[in-house]
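Starting from the known structure of chain L, arrange chain C on it as the hints suggest.
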Amino acid sequence: MSGFTKEFAKGLMTSNPIFVLALGLCPALATTTSLENALGLSAAVTFVLLASNTIISLIRNFIPSTVRIPVFIVIIAAFVTIANMVFQAYVPALHDALGIYLPLIVAYCIVLGRAEAFASRNTVTRSIADALGIGIGFTLALVLISSIREILGTGGISIFGNDLFTLPGLGDNPVYIFILPTGAFLVVGLLLALFRWTGVMKNE
Amino acid sequence: MSELWSIFIGMALINNIILVKFLGLCPFFGVSKKLGVAVNMGVIVTLVMFVASAAGWLIDNYILAPLNAEYLNIIMYILVIASLVQIVDIFLKRTNYNLYNAFGIYLALITTNCAVLGIILINNDEGYSFIESLVAALGAGIGFTLVLAIMSGIRERLELADCPRAIKGLPIAFITGALLVLAFYGFTGII
Chain L
1 MSGFTKEFAK GLMTSNPIFV LALGLCPALA TTTSLENALG LSAAVTFVLL
51 ASNTIISLIR NFIPSTVRIP VFIVIIAAFV TIANMVFQAY VPALHDALGI
101 YLPLIVAYCI VLGRAEAFAS RNTVTRSIAD ALGIGIGFTL ALVLISSIRE
151 ILGTGGISIF GNDLFTLPGL GDNPVYIFIL PTGAFLVVGL LLALFRWTGV
201 MKNE
Chain C
1 MSELWSIFIG MALINNIILV KFLGLCPFFG VSKKLGVAVN MGVIVTLVMF
51 VASAAGWLID NYILAPLNAE YLNIIMYILV IASLVQIVDI FLKRTNYNLY
101 NAFGIYLALI TTNCAVLGII LINNDEGYSF IESLVAALGA GIGFTLVLAI
151 MSGIRERLEL ADCPRAIKGL PIAFITGALL VLAFYGFTGI I
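Chains as they are written, first to last, in the numbering used here: chain L, 1 to 204; chain C, 1 to 191.
Everything labelled a hint here was simulated from the structure, so no lab data went into it. Where a beta carbon is used, it is the ideal one built from N, C-alpha and C, also for glycine. Hints may be right or wrong, so weigh each one.
[Claimed, not checked] Here are some chain C residues the structure puts well away from chain L; computed CB gaps all over 10 Å: (1) S6; (2) G10; (3) K34; (4) A54; (5) L84; (6) Y100; (7) S129; (8) E132; (9) L146; (10) A149; (11) R157; (12) L160; (13) G177.
[Claimed, not checked] For the chain L half of the interface with chain C, some residues (derived, Cβ under 10 Å), not all of them: (14) A28; (15) I73; (16) V74; (17) I76; (18) A77; (19) A78; (20) N84; (21) P103; (22) Y108; (23) L191; (24) L192; (25) A193; (26) L194; (27) W197; (28) G199.
With the rest of the complex left out, here is chain L (with noise of 0.2 Å):
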């Protein structure tokens, strides 16, 4: 049990998928303009990191190497339809607030990358222990960056309608530019630069 807690932490701090590995930033900025986007496109690439795992470990001896890559892809194309019609059929207004992104995890290097590099090598509980460290790892990484961009743009939070809170002052005149592109280039810059300067300070 302890290597499925070791391959489960390491995606959440050590091989952090966004902060570290730098994989799947295009998602870490289009979609977190608010919480509410960044929690709902983690839940599907959580689904679609776990279910594509899971079955390429299962069938990984029954796949020739040569076409493996061709392989791995429609089975994430399959998740990833089966997450968008999911959405489109349970919380509509989150699906069209996604739009594009939703269909474009197929083309997130972070899902294909745990299935080249994990999943097709490891053992089905390694790579189950795998895909949620790393997809909470993702998870936590959204959340982090569309809470600062909501909170500085919009002066609070607010989640499926309910206002969560509003900061007094920041809601009245709040930082536009946080939840423009701007913003999400400039918050993903610096968070960026805040964990490599931790981490500097940490080897001194």
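Same frame as chain L, but now just chain C:
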């Protein structure tokens, strides 16, 4: 005609595929250190986008729609892109080996380049006609090339810039990206 022109400008400058739609960030941060390589990369991506958009539209309207199988579109698109990239790969290996080596891993990565899949999905979302899809793909490709070229020039200087160790590399590239987006807001009024 003016409608096509506004789609073109909108895709190339106002809703730039890298800076506003955040598609194709990997080559934006990875490949673009030399102007020549960046421009060549842009041209190839533009070509793949153009052909993929045409193929995507035809598949949507003549294969999936008659069969009521639109839900299969994601799988179909990704297969079309993967085979296109494979063709470009083989073609380039035979005709221009130096360029092929300069691209390295990034050529194979066009398959998972969000920009190519992104443009097909955008065309589908907006309900563009065949001609409009082609114009949108061309605009997006040229916008992609333009930003890649601008960034490669900036990156050459960033390499030598004296900035704190924690900010060097990816973080400063992101912050530069933020300033580039601000500059591109200037185009918003032209349509």
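Here's how the hints hold up against the structure:
no.: 1; hint: S6; in the structure: 20 Å, holds
no.: 2; hint: G10; in the structure: 15 Å, holds
no.: 3; hint: K34; in the structure: 21 Å, holds
no.: 4; hint: A54; in the structure: 19 Å, holds
no.: 5; hint: L84; in the structure: 13 Å, holds
no.: 6; hint: Y100; in the structure: 19 Å, holds
no.: 7; hint: S129; in the structure: 19 Å, holds
no.: 8; hint: E132; in the structure: 17 Å, holds
no.: 9; hint: L146; in the structure: 16 Å, holds
no.: 10; hint: A149; in the structure: 18 Å, holds
no.: 11; hint: R157; in the structure: 17 Å, holds
no.: 12; hint: L160; in the structure: 19 Å, holds
no.: 13; hint: G177; in the structure: 4 Å, violated
no.: 14; hint: A28; in the structure: 9 Å, holds
no.: 15; hint: I73; in the structure: 6 Å, holds
no.: 16; hint: V74; in the structure: 6 Å, holds
no.: 17; hint: I76; in the structure: 8 Å, holds
no.: 18; hint: A77; in the structure: 4 Å, holds
no.: 19; hint: A78; in the structure: 7 Å, holds
no.: 20; hint: N84; in the structure: 7 Å, holds
no.: 21; hint: P103; in the structure: 5 Å, holds
no.: 22; hint: Y108; in the structure: 7 Å, holds
no.: 23; hint: L191; in the structure: 8 Å, holds
no.: 24; hint: L192; in the structure: 4 Å, holds
no.: 25; hint: A193; in the structure: 4 Å, holds
no.: 26; hint: L194; in the structure: 8 Å, holds
no.: 27; hint: W197; in the structure: 4 Å, holds
no.: 28; hint: G199; in the structure: 8 Å, holds
Taken one by one, the earlier hints fail for this structure only at number 13.
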